[in-house]
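Heads up: the sequence lines are chains A and B, in that order.
In this text, residue positions in the first sequence follow numbering that gives the first Met the number 0: the first is 0, and each later residue adds one.
In this text, residue positions in the second sequence follow numbering that gives the first Met the number 0: the first is 0, and each later residue adds one.
It cannot be assumed that every hint is accurate.
[What the hints assert, rightly or not] Below 27 Å or equal to it, Euclidean Cα-Cα: the simulated DSSO-like pairs (lysine-lysine) are: (1) B:K98 x B:K48; (2) B:K131 x A:K140; (3) A:K140 x B:K107; (4) B:K89 x A:K112.
[Unchecked claim] Under 10 Å between C-beta atoms, here's a sample of chain A residues computed to sit facing chain B: (5) A28; (6) E29; (7) N35; (8) Y38; (9) Y64; (10) D87; (11) R89; (12) F90; (13) V91; (14) P95; (15) R97.
Bear in mind the hints are in silico, worked out from the structure with no lab data behind them.
Glycine included, C-beta positions come from ideal geometry on N, C-alpha and C.
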Amino acid sequence: MALDQSFVGRAYPPTAPYEVGREKIREFAEAIGDPNPAYTEPDAARALGHPDVIAPPTFVFSLTYRAAGQVVDDPQLGLDYSRVVHRDQRFVYSRPVRAGDRLSVTTTIDEVKTLAGNDIVDIRGDVHDAAGEHVVTAHTKIVSRAPEGN
Amino acid sequence: MAAVISYDEVEPGTELPSRSFPVTRADLVRYAGASGDFNPIHWNERFAKSVGLEDVIAHGMFTMAEAVRVVTDWAGDPAAVVEYGVRFTKPVVVPDDDKGAVIEVSAKVAAKLGEDTRRVRVDLTATSAGEKVLGMSRAVVQLT
Chain A
0 MALDQSFVGR AYPPTAPYEV GREKIREFAE AIGDPNPAYT EPDAARALGH
50 PDVIAPPTFV FSLTYRAAGQ VVDDPQLGLD YSRVVHRDQR FVYSRPVRAG
100 DRLSVTTTID EVKTLAGNDI VDIRGDVHDA AGEHVVTAHT KIVSRAPEGN
Chain B
0 MAAVISYDEV EPGTELPSRS FPVTRADLVR YAGASGDFNP IHWNERFAKS
50 VGLEDVIAHG MFTMAEAVRV VTDWAGDPAA VVEYGVRFTK PVVVPDDDKG
100 AVIEVSAKVA AKLGEDTRRV RVDLTATSAG EKVLGMSRAV VQLT
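Bound conformation, chain B alone (with noise of 0.2 Å):
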């Protein structure tokens, strides 16, 4: 259970391949009956605005889930990811429209944590309309 890159083949500030997340409402809809969390500042206008948001919002825990894929698309295997947290820092605002919104996801190795335990400290940025989203994003991540 661990990547199929070699800790020795990165070194601190290898990037990892970029990638752009489309988010929409019907998005949000589907994920709110798969987490289970119905609040309605995930698809209600009308109840977003109501609490002061200027339209409805992404799940933070959404935006998590999607950036943590240009971690686990690199590792191979998801379970490399063995420890990984983010802060909320702006919330993803997504339009009722075709086109919804954008997470622009970057990340790199920021630092080797040892050769006895073989892992490496990922830093992830994310971005939606040219603001950043997620702040501390970090992932440890078990190489071979």
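For reference, chain A alone in the conformation it holds in the complex (with noise of 0.2 Å):
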């Protein structure tokens, strides 16, 4: 069944700010085998003009990730998790991510779509800092496949 229209444009309440440690981007940073010293070394990220260490591109996605739950979890729009997969991902910053920022995530659905029985679900997190300033856009795409049979 074709996914209701009316949720498109749908918000979700902000996140409670979530405060980016020094110690958590090293985890991912070393997770991901990366050694830029802008990740772990405060005096070489500023070397760089930031104020502290500065997060890998991808790290936000774990409180966008979160956030999105919001939607998927939506009784609401009734998706069927266990069929969901994650298609798309696009970033889109204004600065990036470092220690010290205190971060929420205010979720809206962008679009929705249903093709061939998937359900296609655009979701956008939307993440200010503490002072209320945009850091980046993350754009989720997605899909919850059609049950077999369908």
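From these two lone chains plus the hints, build me the complex, please.
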């Protein structure tokens, strides 16, 4: 059954602030095996003009993905989570995420459509810092695959 | 906050240094912990097969994170990447052995976006086991 178009434009309340820690950034950089000193050494980051260590470009997904759960779990939308796959991801940055940031995510449904029984949802996560300045927007496209036999 | 590369020095077709990124089961466990994505398809073979996958697969976001290292290493300052997007076209299957899988990444400057912004679009290609694993993989990079 096609998803209800009235969900387009629906916005969810901003998430509680997430405080970005230097050690969390280090842990993430180590997990992706990236030795870039801008992620772990404040002096190296400052030499590039940053006030503190910065996070790798995809780090913020751990926040926006959790916030997007508000959409996936919305009982009114009725997605079958067990059939959801992540199709596309895009980030548009105003500035990098850095240690000390307190970030909150406002999640909005940009588009819903149903193609060949697959439900496709475009979710936008706008990330702002404690001063209300825009940091990055995450565009996440998920697909809930049609059940077999459809 | 910009790259060490000058806008004037690159042309469409300029190739960035390619890289190969190995990925083992241990890497996936570490990434799950660091990212908070504990979906068992990324560490539990029994579960992965029960949902129709060939084997445990890497997080798409892990592959995305590896691929952009070609761009951030080239640019010098990772903050020079002002936009980055991919489509997850094929999963990276990671066997339970000491070698795991390898993600091969190449990239080239696809377009110069104008003297006013001094930004370029970089197109990336990521393959594993001979198959393209990311589609429409593009970054916009702020040069000096």
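Here is what the structure says about each hint:
no.	hint	in the structure
1	B:K98 x B:K48	20 Å, holds
2	B:K131 x A:K140	19 Å, holds
3	A:K140 x B:K107	25 Å, holds
4	B:K89 x A:K112	22 Å, holds
5	A28	9 Å, holds
6	E29	7 Å, holds
7	N35	6 Å, holds
8	Y38	8 Å, holds
9	Y64	7 Å, holds
10	D87	5 Å, holds
11	R89	3 Å, holds
12	F90	5 Å, holds
13	V91	5 Å, holds
14	P95	4 Å, holds
15	R97	9 Å, holds
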